[in-house]
Amino acid sequence: MKRIALVGMPNTGKSTLFNRLTGAQAKVGNWPGITVDLLSAKLLLGDAMVELVDLPGIYDLRGFSEDEQVVTTFLREQSVDVVLVLLNASQLERQLPLYAQLARFGIPLVLVLNMADEAAALGITIERDALAAWLGVPVCLISAKHGQGTEQLRSLMVRALHAPAQAAPPEEAVIEAALKAAVHVPAQASHRLTEKIDRVLLDPWLGLPLFFGVMFLLFEAVFWLGTPVQNALAAGFSALRAAALEPALAAAPVPLSGLLLDGVYNGLTTVASFVPLIILFFLAMAIVEDTGYLSRAAFLIDALMARFGLDGRSFVMILMGFGCNVPALMGTRVMRSRGLRLLTMMVIPFSLCSARLQVFLFFIAALFPPRIAPLVLFSLYVMSIAAAMLTSLLFKRRFVNNDPFVLEIPPYRFPTLRQIALRGWHEVRHFLRRATRFIVAGVVLVWLLTHFPAAAGGGGTWAAQLGAWLSPVLGPLGIDPKLTLALIFGFVAKEIVIGSLAVIYAREGGALVSAIAHQIDWVQAYSFMLFTLIYTPCLSTIATIRSEARSAAFSVAAVAWPLALAWLVSFAFYQAARHF
Amino acid sequence: MRLHGPAACTLDILAPGESGIILALDAGQALYHRLAALGLRSGKTVRLIRRARFGGPFHVRVGTTDLMLRAPDARRVQVRRA
Chain Y
1 MKRIALVGMP NTGKSTLFNR LTGAQAKVGN WPGITVDLLS AKLLLGDAMV
51 ELVDLPGIYD LRGFSEDEQV VTTFLREQSV DVVLVLLNAS QLERQLPLYA
101 QLARFGIPLV LVLNMADEAA ALGITIERDA LAAWLGVPVC LISAKHGQGT
151 EQLRSLMVRA LHAPAQAAPP EEAVIEAALK AAVHVPAQAS HRLTEKIDRV
201 LLDPWLGLPL FFGVMFLLFE AVFWLGTPVQ NALAAGFSAL RAAALEPALA
251 AAPVPLSGLL LDGVYNGLTT VASFVPLIIL FFLAMAIVED TGYLSRAAFL
301 IDALMARFGL DGRSFVMILM GFGCNVPALM GTRVMRSRGL RLLTMMVIPF
351 SLCSARLQVF LFFIAALFPP RIAPLVLFSL YVMSIAAAML TSLLFKRRFV
401 NNDPFVLEIP PYRFPTLRQI ALRGWHEVRH FLRRATRFIV AGVVLVWLLT
451 HFPAAAGGGG TWAAQLGAWL SPVLGPLGID PKLTLALIFG FVAKEIVIGS
501 LAVIYAREGG ALVSAIAHQI DWVQAYSFML FTLIYTPCLS TIATIRSEAR
551 SAAFSVAAVA WPLALAWLVS FAFYQAARHF
Chain L
581 MRLHGPAACT LDILAPGESG IILALDAGQA LYHRLAALGL RSGKTVRLIR
631 RARFGGPFHV RVGTTDLMLR APDARRVQVR RA
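Chains as they are written, first to last, in this note's numbering: chain Y, 1 to 580; chain L, 581 to 662.
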């Protein structure tokens, strides 16, 4: 099968084009000699299937970042038939030199100028045929976001595959002449609306309060929209169990029906009822990121981050970590300084990720009145950032940052519904795949531990023994043996914490909520949530830290320190709340 | 640092709204290539839009690209006030 690689600078809409060409069918793959996972998908071009591979966004091929090496290695060592060079049509003057660097690989190129609609709005005119003639490559103007020009791009790809033509790499003078002849930029090409919005959102006094206000409102909205749906789903799952599953399994032997109903079904449905919230959360993140507000956030917060040895990008990664720590950890690759990268990786696992969010939503709903529920959740986000900043202060002298902080601020853009939906779908699919993989195994394991060796009353089960053994350590935090067990399974993945509680208490849905509300009070619940927030996020995160940092010592520190901090914070909170 | 003539200064000295023509980049290879890839090349006009509070980064515009960069990096860009 022939292979096409997609290369371009960051912020040129590379993943939007990739999604536009391939639909939602991308898969993550490993390549020999390549240290990162790359997205690839098969698509039908003309009468043949070809493979499209999305390479990391790069500024330059003469630098030393990992992403640049990935692109260079891939183009040298894999067989690539065509390279799509994606450039921002309104920034050709600065982006065309990347095209010249890519031409040196001797692979047939297709020059794709994205955001043609934006360039036109700025008054920039591009004479496509003249540009193609000067450079000797096929050129097309597209808008990946709205889908204009993608049909023409497809036919150019077909032609490049069938009749490969390789132009000589252009000299700098040729590039300049081509720009002069084919690209006309008006003297005052600026995004007027963006300037107006920035005057408010980047205002010296209003900027930061607005930023925190926006984040707070987003979390409120997610909570307000998601909770009713979540409750309805949970009620539906309980009804289905009572009406259909229990009668159907009535004849089955007790251990089997117990395993299936109390183990697998309760665990899976409790987690499934959280999916609406996860979807809403990712939609909110997609909006903040795709509008261009995230880079403004980095701008506003950088002065503060610099004091903690981090930079605005670290903060963006910490925010991304609120979705899932794993992609955020992988996102630190844009940093060239190893010190900054390690420091950011040390800090990201404190980000309150979506998996922890479902644990908190559950406990908050069970133990706090609806009126203060959003405030409790917000306090956990504040704690999450505080733990991150404390860690950064403590470790900043060990991991010194010498990386330049030079980033593009894109104009504000309205993301399309399709864009947001695709983003949300990718994230949710990823979440579900990761979650279900752990959930069934984890929940069955919990069920076995809580039911064997079969002792009436549950006193002698493995679970009870484990809980009793750890009670001198976790007792002073108000965490009882049942919650201890949930924490142990949360080490594997936070997705299974609620599922395992359903098994430990042998109840689900509303019955589980009221059982927990009767057995612990809000102080214990908050202490449990603090511990859950701060200790190890999950095995996937540890595995990612291990593979990204390539250091066993660093990975051990990244597990041990949060565990110690979690214990200290929960201890301080619980003892203070009990004594004052 | 050697400056080019009386009107020469570094990017961080410009006032918000002021423009300058880039004379030179006093940067190591990696930073030089990054700045160039983002449009900061000698001969280009750069405009300082604003600076974030508390000594935060500079928001500048080169051609059709808006960028942010920190003071230590901005000091490496020598400009002549336009």
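Since the hints were derived computationally from the structure, they do not count as laboratory data. One should not assume that every hint holds.
For lysine to aspartate or glutamate, the following EDC-like pairs were computed, each having C-alpha atoms within a straight-line distance of at most 20 Å [unchecked claim]:
1. Lys-624/L to Glu-66/Y
2. Lys-2/Y to Glu-66/Y
3. Lys-624/L to Asp-521/Y
4. Lys-196/Y to Glu-408/Y
5. Lys-180/Y to Asp-129/Y
6. Lys-180/Y to Glu-220/Y
7. Lys-624/L to Asp-592/L
8. Lys-180/Y to Glu-93/Y
9. Lys-196/Y to Asp-606/L
10. Lys-196/Y to Asp-290/Y
11. Lys-482/Y to Asp-521/Y
12. Lys-624/L to Asp-60/Y
13. Lys-624/L to Asp-47/Y
14. Lys-624/L to Glu-598/L
15. Lys-2/Y to Asp-81/Y
16. Lys-624/L to Glu-172/Y
17. Lys-2/Y to Asp-47/Y
Quick caveat, the model's predicted, so the values are computed rather than measured.
Enumerate the violated hints, using their earlier numbering and listing them in ascending order.
-> Hints 1, 2, 3, 6, 9, 13 not satisfied by this model.
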